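S.K.: Residue-level listing of the chains:
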Amino acid sequence: MSELQFFAEVLTGGLLSGLLYALVALGFVLIYKASGVFNFAQGAMVFFAALTYVGCLEKLPRWTGLAADSVLLVWLALLLALAAMLLLALAIERLVLRPLVNQPPQTLFMATIGLAYFIEGLAQGVWGANVRGLELGIQDVPMDWVLDHTGMIVSRFDLFAAGVAATLVTGLALFFRHSRVGRALRAVADDHQAALSVGIPLATIWRIVWAIAGFVALVSGLIWGARNGVQFALTYTALKALPVLILGGFESVPGAIVGGLIVGASEKLAEVYIGPWVGGGVESWFPYMLALLFLLIRPEGLFGEKHMDRV
Amino acid sequence: MKLAFLSLFCAALAGCVAPGAAAAEQFVPLLSFRVGPYAATGSAIFGAYIDYLQYINEKEGGVNGVRLVWEECETEYNNARGVECYERLKHKGGGASVVMPLSTGITYSLIDRVAADKVPLVTIGYGRTDAADGRYFPWVFPMITTYWSQNTAMIKFIGQKEGGMDKLQGRKIVYLYHDSAYGKEVIAIMDEQAKRYGFVPSYIPVAHPGNEQQSQWLQIRQVRPDWVILSGFGVMNPTALKAAAKIGFPRERVLGVWWSGAEEDTQPAGDAAKGFIAAGFNVAGQNYPVVGEVLKYVYDRNKGNMPDRSRIGTVYYNRGLVYGIITVEAMRVAQARYGKGKALSSEQMRWGFEHIVIDDKRLAELGATGFMPAVKMSCTDHEGSGKVRFQQWDGKAWRVIGDWIDADRELVRARVETSATAYGREKGLNPRDCAKEQ
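Those protein sequences? They're chains A and B, same order as listed.
Using my numbering, read the first sequence as starting at 1 and increasing by one per residue.
Using my numbering, read the second sequence as starting at 1 and increasing by one per residue.
Bear in mind the hints are in silico, worked out from the structure with no lab data behind them.
A quick note: this is a predicted structure, and the numbers were derived from the prediction, not measured.
Where is the CB? At the ideal position from N, CA and C, for every residue including glycine.
Honestly, I wouldn't trust all of these hints.
[Said to hold, decoys possible] Covered stretches of chain A, going by a simulated chain B footprint (3 or more residues, C-beta under 8 Å):
no.	stretch
1	2-10
2	66-78
3	215-229
4	292-300
All chains should be modelled from the sequences, with the hints used to inform the complete structure.
M.R.: Here it is, written out as structure tokens:
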């Protein structure tokens, strides 16, 4: 394999991984748009959603008598996991957010830290700490056609996951740009009190957004869970989202996808080409360093809104 | 009515005399973790450990009548919490008999403390390798097999598969490791083995947590190795197996260390794990008498610690049973010297650990033939075995392949002594004279 081919293979793999990071980052963007806060609990929500899905898959045959390989079982488990995320969203709005209306963003941020610990404990408490496998029916193997014609390895599963991420991001970007909820969201993020005063139902908006974030967490959880197994490490996917958000902008849905692509490609290339010179293990810190440099040049990110505050 | 009064009188009398005649108890503090990132490992190992202590209580009424009691403290695999748990439990129940933190980080944090408190710190399959030199580490027991021993046994295994150690000349071996002190621990000894046998090692680190390994496996594809040794933990393991499948690297040529070779590592990887081989100082399976006994005396009496019985017999569960066997054997040995039926002090427990002899006959009595290797401890040798056995994942379960393989004890011991002597010099320690301590 030539050097150029190898470079292209690393780059393609990085871009596909980047779309998966974008998927997780999307959940953060939604919450940030609605409440102006970085939701520290997003990783825990991904874990909770995936664990609820595989937990239902395990328990449902005993509860319902359905065969373990039945298609109905899969849909039922998916529905129950979605319902669990919806309930979680309602509970978060009622018990955590509502008492904190008009509080500074730092207070909300601290609340999400507590929420993360609670959700992690809840997930393991309800479904147990076992590591589970998850099959979505798409093999994580190279696409034969690409391998035969280019000599490059492009995973069928990665391509599917990237397609899901791209569809979700596009759909949500359109929804928030053209719907009433989307416009209301921007008002809510700017100022809770002002939004309330013009008749925007803050509680409803929060419930909708947290429910959509829960849905995004479920999709992320299923894809990452199928990739690496459903286990506590799913909470770490949030670590990849932070540099993506800094690069793309905390409030921008398309920014999440562009940020994800930049992070995915750069970290893989850095690992391969810089790693050997510095002892390897570059992947974990390189995106953060990149984000830090970006903060110095463009603090609001590529697609973030520039904030002007009167003093 | 008279009978009722008589019963009451007897009960009262029994209550009065009970303190004087109370059965002795031996306290075991448990620095466990059942929530957090490594809960799957902790819940199985500590669950099995408790099951074994419970089994001794149920079957024999304790060790020679000394009932085993324990208390758990949640560390979440966190060093600071581990130290806090140790401090909280060390004086309870008449004092800690032994501490097994199941974490290399917590082990390092406790080495000086246990020496000051005189509590045996037993680290089976983890911890500080050079602590195998009991002259400089009198309170630390990295028992059965250390990482260094494991690595030399793995190279021997590869040699066997290649048709002899001389066939290793020119072979390429990639060491894919968790980028931490744990992963780096064997690099120096691997270099030494590479010089001796002529193979070409490549070291590729994976940053924590290891849920992304595409670039590493593309590098492996470039290297075209004959074997890959996988030294991971947690999510890094299934991710590695899936990535190996993606580049078409045969799983029969991926060798995992014992923290990479459990059901928790293979099941999430699905078909990608089929053929994967892993080292271990214990094997998986329920078809060993010791596991059957635990099921009979503990689970059939509804006293089991594992909520999910399907995990009984897994690699981590059986590892917890090994921890239990070692603890109880140390108590038996120490009681044989210091008095049967008496609770032991931590110093007496240390003597017990240093004099454990589990030979083939004893293994058979324990119902653990083939389940774990024979162990012979001494004042100087706190490792006691160095043997490793390999298992292969057939897609559903682990199958043992071959017999126990000895580590290169000569090579490992020389390095252990050099490193321990350097530690002793740094700390200003005088080595124990083991010849005098019999």
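S.K.: Hint by hint, which ones does the structure fall short of?
M.R.: Failing hints, ascending: 2 and 4.
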